[in-house]
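Novice: The residues making up each chain are set out below.
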Amino acid sequence: MKLLTKSTFYFLILYVLAMVAGAALLYLTIKKVIYKQIDNSLITEKTIIEDQIEQTDTIPDFEATFGHQIEVKLLNYPIRNIQSIKDTDIYDSKSDAFIPFRYIYSAGNTIQKKGFIITIFQILSEKNELLQDIGIYMLILFFSLLLISILINYLIARKLWRPFYNSVKIAGRFDIQSDKPLELPETDIKEFDQLNRVFDNMTRKMRDDYLNLKEFSENASHEIQTPLAVIRSKTDLLMQQRNLNKESLSLIKSINESTTKLFKLNQGLLLISKIENQVFHEKKIVSLKQITFNGLDSYKEIMQLKKITLEMDVHDEALVEMNDVLAEIMISNLLSNAVRFNIDGGFIKCHIDKMFFIMTNSGLPLTINPEDLFKRFHKSSNNPQSVGLGLSIVKEITESYGMHITYICRNAIHEIRLRYHIKENSPRSF
Amino acid sequence: MKLLIVEDDRSLSRSINDYLKMEGHICEAALTLNEAVQKADVNKYDCVILDIGLPDGNGLDLIREMKSKRLTGGILILSAKSSLDDKLIGLKIGADDYLTKPFHFAELSARINSIQRRNNYLGMNEITFNEIRINTEDNQVYVHDKLLILTKKEYDLLLFFIANRNRIITKESIVEHLWGDNVILTDSFDFVYTHVKNLRKKIVASEGRNYIKCIYGFGYKFIDS
Chain A
1 MKLLTKSTFY FLILYVLAMV AGAALLYLTI KKVIYKQIDN SLITEKTIIE
51 DQIEQTDTIP DFEATFGHQI EVKLLNYPIR NIQSIKDTDI YDSKSDAFIP
101 FRYIYSAGNT IQKKGFIITI FQILSEKNEL LQDIGIYMLI LFFSLLLISI
151 LINYLIARKL WRPFYNSVKI AGRFDIQSDK PLELPETDIK EFDQLNRVFD
201 NMTRKMRDDY LNLKEFSENA SHEIQTPLAV IRSKTDLLMQ QRNLNKESLS
251 LIKSINESTT KLFKLNQGLL LISKIENQVF HEKKIVSLKQ ITFNGLDSYK
301 EIMQLKKITL EMDVHDEALV EMNDVLAEIM ISNLLSNAVR FNIDGGFIKC
351 HIDKMFFIMT NSGLPLTINP EDLFKRFHKS SNNPQSVGLG LSIVKEITES
401 YGMHITYICR NAIHEIRLRY HIKENSPRSF
Chain B
1 MKLLIVEDDR SLSRSINDYL KMEGHICEAA LTLNEAVQKA DVNKYDCVIL
51 DIGLPDGNGL DLIREMKSKR LTGGILILSA KSSLDDKLIG LKIGADDYLT
101 KPFHFAELSA RINSIQRRNN YLGMNEITFN EIRINTEDNQ VYVHDKLLIL
151 TKKEYDLLLF FIANRNRIIT KESIVEHLWG DNVILTDSFD FVYTHVKNLR
201 KKIVASEGRN YIKCIYGFGY KFIDS
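Order-wise, the sequence lines are chains A and B.
Using the working numbering, the letters of the first sequence correspond one by one to residues 1 to 430.
Using the working numbering, the letters of the second sequence correspond one by one to residues 1 to 225.
It is possible that part of the hints are untrue.
When the alpha-carbon atoms are kept at most 27 Å apart in a straight line, the in silico DSSO-like pairs for lysine-lysine are as follows [said to hold, decoys possible]:
#1 B:K221 <-> A:K261
#2 A:K274 <-> B:K197
#3 B:K197 <-> A:K246
#4 B:K221 <-> A:K246
#5 A:K284 <-> B:K21
#6 B:K202 <-> A:K300
#7 A:K159 <-> A:K274
#8 B:K92 <-> A:K283
#9 A:K307 <-> B:K153
#10 A:K2 <-> A:K36
#11 B:K221 <-> B:K153
#12 A:K159 <-> A:K2
#13 A:K253 <-> B:K21
#14 B:K21 <-> A:K283
Derived coverage of chain A by chain B (criterion: at least 3 residues anywhere in the stretch with Cβ under 8 Å from a Cβ of chain B; other residues may be distant) [to be verified]:
#15 74 to 88
#16 92 to 98
#17 229 to 242
A short list of chain B residues far from chain A (calculated; beta carbon distances all over 12 Å) [as the list claims (entries may be wrong)]:
#18 D46
#19 S114
#20 N210
#21 D224
The set of hints was computed from the structure by calculation and includes no laboratory data.
Even glycine gets a Cβ: it sits at the ideal position worked out from N, Cα and C.
The task is simple: from the sequences and hints, build the whole structure.
Specialist: And the structure:
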C-alpha cells in the first residue's frame with residue numbers, strides 16, 4: 001500500500017470513529033437539553049395550576065390543544081405528596097400507532113387538607129423531529145468536513161513526501177559504473193536531507209568498493225602472471241641444459257603443465273570477474289552465425305584428425321546485440337567443448353535459427369549432473385586436463401545478456417541449447 | 001643482434017637475458033623506464049623487448065620516445081595485461097609485435113627473428129639452413145634448390161623450428177605458436193605430431209636430412225648435426 005493511501009486510510013478510520021462518538025455525544029446533549037426544557041415547562045404549568053387550586057379551590061379552564069393535555073382531579077381527603085416526570089407511549093386510534101409523550105404526575109394537598117392530582121401530558125414527536133433535523137444537518141456537516149480534511153491531508157502529505165519520492169527515483173537510476181555522483185536535490189526537511197546524505201555516502205562507498213574490486217582483479221592478474229612467467233622462463237632455461245636425463249625432463253614437463261594450467265585458471269577467473277564487473281560493456285550487433293563459422297576454422301584440423309563429421313543447419317544470421325569479444329569467447333568455448341569431449345568418429349551438429357543456437361554432439365555419457373556443468377570447477381572426470389571454467393564463462397556471458405542456456409545429455413548425445421534475443425531490423429555491422 | 005630487455009622483474013629479466021644469450025644475441029637489461037630511455041638514447045638496439053607495466057611509468061612511453069627521436073630498431077611488447085587496448089595502442093604507435101605473459105621462450109625467439117627479418121633491408125628475407133632455404137617474402141621453401149610444397153601450418157612449424165634450432169621445444173609451445181593460446185586442446189598434441197611427421201616426411205622425400213628429433217613425451221629438437 002502506498003504511504004499516501006495508508007495515511008489517508010488511517011485518517012479516515014480515526015475520523016469516522018471520532019465523528020460517531022461526537023455525534024452520539026451531541027445527540028445525547030441536545031436530547032437532554034430538550035427534555036430539560038419540556039420538564040421545566042411541565043413543572044411551571046403544574047405550579048400555576050397548583051397555585052390556582054390553592055387560592056380559589058377551582059380547576060382552571062383549559063384549552064385543549066393537540067398534544068397537550070391536562071387532567072386535574074380534586075379529592076376531599078388528603079393524599080401523599082408525589083411528583084414524577086416520565087416517558088410514556090399512548091395509543092392513538094386515528095393513526096393506529098403509539099405516540100411518545102412526556103408527562104408529569106403530581107399529587108399534593110391544599111391547606112385545607114384536600115388532595116388533588118395533576119397530570120400533564122406533552123407530546124414528544126415535534127421535539128423528536130427537531131432532534132432528527134439537527135442530526136441530519138450535523139451528519140452533512142461532518143461528512144463535508146471529512147471530505148475537506150481528507151483532501152487537505154492528502155495534498156499536504158503529497159507535497160511533504162515529494163522530495164522523498166524524488167530521491168527514490170534518482171537513487172533508482174544509480175549506475176555503479178558511471179563516475180557521476182548521485183546528485184540528490186536539497187530539501188527543507190531535515191529527515192529527508194539525512195536520508196539523502198545516507199544515500200550519498202552509501203553509493204559513494206559502493207562505487208569505491210567496485211573500483212577497488214576492479215583494480216584488484218587487474219592487479220591480481222598482473223601480479224600472478226609475472227611470477228608465472230618467471231616460473232615458465234626458468235623451466236624453459238632448465239630444459240635447454242645439456243645432459244638432462246629422462247627423469248629430470250619429466251619433472252620439468254609436469255612443472256610446465258601445471259604452470260600452464262595455473263595460467264589458464266588465472267585467465268579464466270579474471271575473465272569471469274571482468275564479465276561480472278561489466279568491463280565488456282560496449283555492444284554491437286554481432287552475427288552468431290558468422291562467429292561460429294570463423295570459430296570452426298580453428299577446429300577444422302582436429303575434427304579431421306578425430307574424424308568428427310560436422311553438420312551445419314543454418315536458417316538465420318542470428319544477430320545479437322552484445323560485446324563482440326564475449327560473443328567470440330562464448331562460441332569458441334562451446335565449439336571447443338563439442339570437439340574436446342567428442343569421441344573419435346563422432347559428430348557435431350550446429351543448428352541456428354531465429355530463436356535458438358543449438359549445438360549437439362556425440363561424446364561419452366556424463367558422469368555428473370548436467371546442471372553442475374555450469375558451476376565453476378565442476379568437470380567430468382573424463383578429462384583431467386580441463387580447468388573446468390569453460391561453461392561457467394559461457395553461463396556468465398549468457399546471463400549478462402539475458403540469454404537462456406540449457407544442457408541436456410541423453411544417450412551420450414550432448415545438447416547445448418542457447419536461446420537469445422534477436423534484434424529485428426538492426427543494421428549489420430559486418 | 002643487440003637487444004634491450006626492459007623488464008622490472010629482475011628474475012624474469014635475467015632469464016630472458018640468459019636464454020637470448022644462448023641464441024647468440026647480445027643483451028642489455030633495463031629495470032626501469034628511465035634506465036631504458038637513457039640506454040635507448042645512447043646505444044642502437046636491433047630490438048627492444050618491452051614490458052608495459054614498469055614501476056616508474058608506462059612502457060608505451062618508451063615507444064613514443066623512440067619514435068619521436070627516430071630511433072630505429074624493432075619493438076616487442078611484453079605484458080601481463082591481456083588487455084586489447086594496450087595491444088592496439090602499442091601496435092598503433094609503432095611496436096612491431098606483442099606477447100602476453102607468460103610466454104614460451106621458443107615463442108619469444110620466433111617473434112624476435114620475425115621482427116628482425118621484417119626490419120632488415122632487402123635481400124635479407126632469406127633464411128638458409130644447410131640444404132633448406134626459406135624465402136620469407138613469398139613464403140617458399142626450397143630443399144637442394146628444389147621447391148618444397150608445404151601447408152601453411154607446416155611452413156610456420158618449419159620457421160619455428162629453425163628459429164629455435166638446437167633447443168628443446170615443448171609441444172605446448174608449438175600448439176600455442178600454431179593455433180594461438182585460446183585453443184588449448186589436449187588432443188592438439190596429437191596433431192602437432194601429425195604435422196611434424198608430415199613435415200619431416202616431405203623434407204626427407206626431397207632428399208633433405210632429418211633434423212627433427214623427437215624427445216619422447218616432451219617435445220622436439222631441431223638439430224643441426
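Novice: Could you run down the list of hints and mark each one as holding or not?
Specialist: Each hint, compared with the structure:
1. B:K221 <-> A:K261: holds, 24 Å
2. A:K274 <-> B:K197: Violated. A:K274 to B:K197 sits at ~41 Å, over the 27 Å cutoff.
3. B:K197 <-> A:K246: It holds: about 22 Å lies between the C-alpha atoms, which stays within 27 Å.
4. B:K221 <-> A:K246: holds, 15 Å
5. A:K284 <-> B:K21: Roughly 47 Å separates the two Cα atoms, so the pair is violated.
6. B:K202 <-> A:K300: holds, 22 Å
7. A:K159 <-> A:K274: Status violated; Cα separation ~44 Å.
8. B:K92 <-> A:K283: holds, 23 Å
9. A:K307 <-> B:K153: Answer holds: A:K307 to B:K153 is near 19 Å, not above 27 Å.
10. A:K2 <-> A:K36: With Cα atoms ~51 Å apart, A:K2 and A:K36 exceed 27 Å; violated.
11. B:K221 <-> B:K153: holds, 18 Å
12. A:K159 <-> A:K2: holds, 15 Å
13. A:K253 <-> B:K21: Between A:K253 and B:K21 the Cα gap is close to 23 Å, so the pair holds against 27 Å.
14. B:K21 <-> A:K283: violated, 46 Å
15. 74 to 88: Violated: only 0 residues of the region 74 to 88 of chain A have a Cβ under 8 Å from chain B.
16. 92 to 98: violated (count 0)
17. 229 to 242: holds (count 10)
18. D46: At roughly 21 Å from the nearest Cβ of chain A, B:D46 sits farther out than 12 Å, so the non-interface label holds.
19. S114: The claim holds: B:S114 sits with its nearest Cβ about 19 Å from chain A, beyond 12 Å.
20. N210: Its Cβ never comes within 12 Å of chain A, the nearest being 21 Å, so this holds.
21. D224: Its Cβ never comes within 12 Å of chain A, the nearest being 15 Å, so this holds.
Checked against the numbered hints given earlier, this structure breaks hints 2, 5, 7, 10, 14, 15 and 16; the rest are met.
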